[in-house]
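Novice: Listed below are the residues making up each chain.
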Amino acid sequence: MSAFDWITQLLYVAAATCFVLGLHLMNSPATARRGNQVSMAGMVLAIGTTFALVIHAGTVTATGWTVMIAGVLIGSGAGLYLARTVEMTAMPQLVSLFNAVGGGAAALIAINDYVKLAGSGVTESVTIFTILDVLIGAVTFSGSIIAAGKLQGLINSAPVTFPGSRIANTAAAVVGIGGGIYMIATPSVPTLIIIILAALAFGVTMVMPIGGADMPVVISLLNAFTGTAVAMAGFVINNWALIIAGALVGASGSILTKLMADAMNRSLANIMIGGFGTGDTGPAIEGPGGDVRSIQADDAAIQLAYAQKIIIVPGYGLAAAQAQHQVAELAALLEERGAEVSYAIHPVAGRMPGHMNVLLAEANVPYPQLKEMDEINPEFARADVALVIGANDVTNPAARRPGTAISGMPILDVDQAKSIIVIKRSMGHGYAGIDNELYVNPKTSMFFADAKSALTELTAAVKTLVG
Amino acid sequence: MTPELLTDIAIFVLALLVGFEVISKVPATLHTPLMSAANSIHGIVLAGAMLIAVTANNALGYILAFVAAAFAAMNVVGGYVVTERMLKMFRKARTPVPAGKPPAQVTGNGQAAASQSTGSKA
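The listed protein sequences correspond, in order, to chains A and B.
Quick note on our numbering: the first sequence kicks off at 1 and runs consecutively.
Quick note on our numbering: the second sequence kicks off at 1 and runs consecutively.
No lab work stands behind these hints: they were computed from the structure.
One should not assume that every hint holds.
Unchecked claim - Subject to a maximum C-alpha distance of 30 Å in a straight line, what follows is the list of computed BS3-like cross-link-like pairs (lysine-lysine): (1) B:25 x A:452; (2) A:463 x A:443; (3) A:116 x B:88; (4) A:418 x A:258; (5) A:463 x B:25; (6) A:371 x A:309; (7) B:92 x A:443; (8) B:25 x B:92; (9) A:258 x B:88; (10) A:371 x B:88; (11) A:443 x A:418; (12) A:309 x A:116; (13) A:418 x B:88; (14) A:418 x A:309; (15) A:258 x B:92; (16) A:452 x B:92; (17) A:371 x B:25; (18) A:418 x A:463; (19) A:371 x A:418; (20) B:88 x B:25; (21) A:371 x A:443; (22) A:258 x A:116; (23) A:371 x B:92; (24) A:452 x A:371; (25) B:88 x A:309; (26) A:463 x A:452.
To be verified - In silico contact screen, one side only, chain B against chain A (beta carbon under 7 Å); selected entries: (27) 66; (28) 83; (29) 91.
Where a beta carbon is used, it is the ideal one built from N, C-alpha and C, also for glycine.
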């Protein structure tokens, strides 16, 4: 190894160190921003080192420089624009899109390497890692684009199946893997193209049947795939920086996938095979067995105004109604009155892991008030009022009994609170499609309204009440 | 199997283990920024995309270099900027509301505000 090689390789090691330290600093909201900056510094180092490598190679043609720089500028511009303008509610789509382009780029690297080497003979290990990279990268690319389309509402977010969709999915998998095995024995570029097409088809048929509320799992899984694809690209071009960074992302995505699946008490296989439905707007039906007590803003305001400890339970309905600013305003008012306000966040509230926290942080809610499920559950018994907004299945006590669609799913112990107010448009069902026993609890009052107008009314009512 | 490949595999496995260890300590509150940060880290694929240009000398090579560079640059730049934007919003205390109100100090203030305005009883 020449001195130049030594230096560049050591700089890559330094960059990888920055990535690990950056992720480590994300263990607390107080240091997370510094973590991101450390990670960014590592990235600048890695890209700078690569730039030096490219110059040092001295083989880049004028056209090569032009396409590379044009690509970087156009891509950076697009990324910058999207990152600056995206609404926080649209964050899952953006993350999905970045997964898509990351996975796509990883696949292209291996394709380029393979096509170049195909004439002069490729080693078996390069072929194997090329196949893995192309398979995972292409699946991530098409799957993430479908996921982003579903989240953005461009594609029906309900599980989309057509006759034979399961067969098409299986066929794509068989062709992809079969083609890969054939390619190890007989290197050929046409086979590579068939594998790419099969993997793209597999990505589409994999994500189409998955419902909207299962998206936190899908995004996490695709995130893990992207990381793995990048690591495989690192094997193909023998670059440690890509291998380490890819492995870190693969680990992160896998952990999040497991946490999300656990929070829904469903196996990954069950989710991939297809959800119950999207359930965002269940059909409005009459109340289940038991009396439902309906109240108006004034009554709810009285309960809230005289409560000492209030726990707010936000769900996807809150985000869908874009009411996070209204809830923060109401909470601030109640706090001014001396009440203790906190938020109980279920792991799958929102459309990606941790999504609800970002929405509330944007609405100026201080992070110490955002409580995780395990932390807040013992506190419900001491709460004067639990205010449930747009959350359904995650509050249903039926999950504690066996024999229901959500049995075993970890829930927020809302029914332990001294009184409960539920803001909801109708008695409609949640994702799981079952009645919520919380609504017929004698302690519960139902405030039937859209989250945003309900919260505005409530805030106004509390204000008139207290002057 | 070359010794080089063995080293690569060892690095991959160790990095996975480090990843599991570090990331399992991230609180649920930060899971969205975590995923976005992880997203930015896989933007390292830009390094690989740039290296395509080193050997590109025909139309296919140029197209691949261009598309890969554009994809990867979008990933890395967008990822870091949006993560930073999100993390900036996580505050320990509520920032003071700029409208005429003095920073709220619980009960006393509430009473004062009440007597100033409509005068209705709390």
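Novice: Does the structure break any of the earlier hints, and which numbers would those be?
Specialist: The structure breaks hints 1, 3, 4, 5, 7, 12, 13, 22; every other hint is satisfied.
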